[in-house]
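Participant: Below, each chain spelled out in residue letters.
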Amino acid sequence: MTAITAARRDTLGRRLAGRRDVALALGVLVVLTLVALAAPLIAPHDPVDQDLLHRLEGPSAAHWLGTDESGRDVLSRLLHGTRVSLGASLLAVSVATVCGVPLGLLAGYLGRGADLVLSRVADALLSIPGLVLAIAIATALGPSLTNAMIAVGVVYAPGFYRVARGATMTVRGQTYIQAAITTGCSTTRILWRHVLPNVGTPLIVKVFLTFGYAILAEASLSFLGLGVQPPLASWGSMLKRAVRYLEQEPMLVVLPGLVILVAVLAFNTVGDGLRDALARRDREPS
Amino acid sequence: MAIFLLKRLAGAVVVLFVVSVITFGLSLLIPGDPAIHIAGEHATREEIAAVRTGLGLDQPVAVRYLSWAAAAVTGDLGTSLYNSQPVTEILLERLPVTLSLAVAAMAVAVLISLPLGTLAALRPGGRLDRVISSGTALAVATPSFWLGLMLILALALTVPAFPATGFRPLTDGAGAFAAHLALPAVTLGVAAAVEQTRQLRAALADVLDTDYVRTARAKGLLPLTVLRKHAVRNAAVPFVTVLGLETGQLLGGAVVVEAVFGLPGLGTLAESTVTRQDLPVLQGIVITSTVVVVAANLAVDLAYRWLTPGQETGVAA
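Respectively, the protein sequence lines represent chains A and B. So the first sequence is numbered by full-length UniProt numbering: it starts at 1 and just counts up by one. So the second sequence is numbered by full-length UniProt numbering: it starts at 1 and just counts up by one.
Just so you know, the hints here were simulated from the structure itself, not pulled from any lab data. Any given hint might turn out to be false.
Said to hold, decoys possible - To spell it out: a stretch of chain B is covered by chain A in this simulated footprint if at least three of its residues, at any positions, have a beta carbon under 8 Å from a beta carbon of chain A; those stretches are:
| no. | segment |
| --- | --- |
| 1 | 24-30 |
| 2 | 145-156 |
| 3 | 285-295 |
We put the beta carbon where it would ideally sit given N, CA and C, even for glycine.
Starting from the given sequences, assemble the full structure and let the hints guide the process.
Facilitator: See the structure below:
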């Protein structure tokens, strides 16, 4: 059994390593994480330090990516924005996981009434346009980045619910679960110790793909003024402020957009690569 | 057919009921006492009590929900906290703009996805397929409002081919209407085209790999005839399903795209309610956009029945 598991892991690892795009995307994610953690150490300037004599300047030795409308260093704001944007997305994904997964496990395992009620709520949440629901929740809670990302998490929770529920339903009837029930395990213990580890892989794929969407959602909400409040910067709020200078200094708009694009692409590529590798592994078990 | 339709309608009613509970629940999320919020900071205790009774806030939550829902069913969604205008009236002013944008974006998306999805499916794994799949991966990672800004930069500011912002109703002439809608529709349509292209490619590639298509080819039918007569109808089912599922995504995306292009639709309305904390209007937007999504999914179910007459089960609502 152990040998089989080892062999499977090996193939999965090999298959992922064989994909150059996935390796590159993983590299990008590692760099972004390091930047988010070390932003105060590596940023050349204070991201909120204004210098009104040097507004809207192009790249120079002092400011590698130029300055914004208040003379703040664009590179430093982008680096600090990495921390804000990734942190916000992490919050949204965590809320979605914590809300969606336990309920999905319960619905998939218990079935019947619990499944019926929870699935109708999930269907209803999924039929509300995501961004509209996020705006409504965030407005009701009051505009702040934390509230906005809690709202985004609630919007994505039904997706996690569905993945967890579907995966649980497929393992529910298996012998090892029946054995656990026979030995008198509590429902919580069965779900936590026996079901969750076996539905983990599709959930990991879901986490990566949702992370990408959460970055886009954070950018959209910040662009609408619901996210991070000034003077703090996220990639989305930098775009919002730069729009007024689109004609004057287009790089202020181009740069944050490119950073968002690269980050989302990296998360999606890793998620897709993981999903493809798992799908192939399941089709042809070694 | 009648039973199928009734079942689907019943499903839609259940979804709308749950959505109405969620939407009503939003008002309970607001921190603090709404009566104080509405009466103003300097209101006396009596004035606040009067507001509370006037709004029915002293009633139990269930009673408040029932009277809110009963009014909503008759089209009365309350009045705006900002200017006391009936919410339904505000929504009806804005809805045509958002629907024009959504329909135009859907048309753009189909115009992109039909050729790309078909080309990619002809030789799965081939060079063209890989180029198209890289393109879709790039498009799905692009923030739509940023794409909109880049389009404004390139096609409105640098080369003034299109107006950068604003909206003209169809009654002002088709030319002005289309010119103002072109860039927003492309911005919103590109995102929608991604999923359509992927689904069409997958479905068409599967169909083209079947025995009956091989037989049709072996008979000596032209490739285009094989596509038209044998493949398209069977690949259309998942494609149409995606069109329905994308309605919600389009209406959500429209919020940001409208903000970028200054279109006076539901999206810019939602944006303006954020600063005003105008919850009745926001609730109206949630309900209205969900009704549009549910209606689109019903239409997809009907289309699905029409495409696969023999099948008993439809796609999930």
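Participant: Hint compliance check: list the failing hint numbers for this structure, sorted ascending.
Facilitator: No hint contradicted; all consistent.
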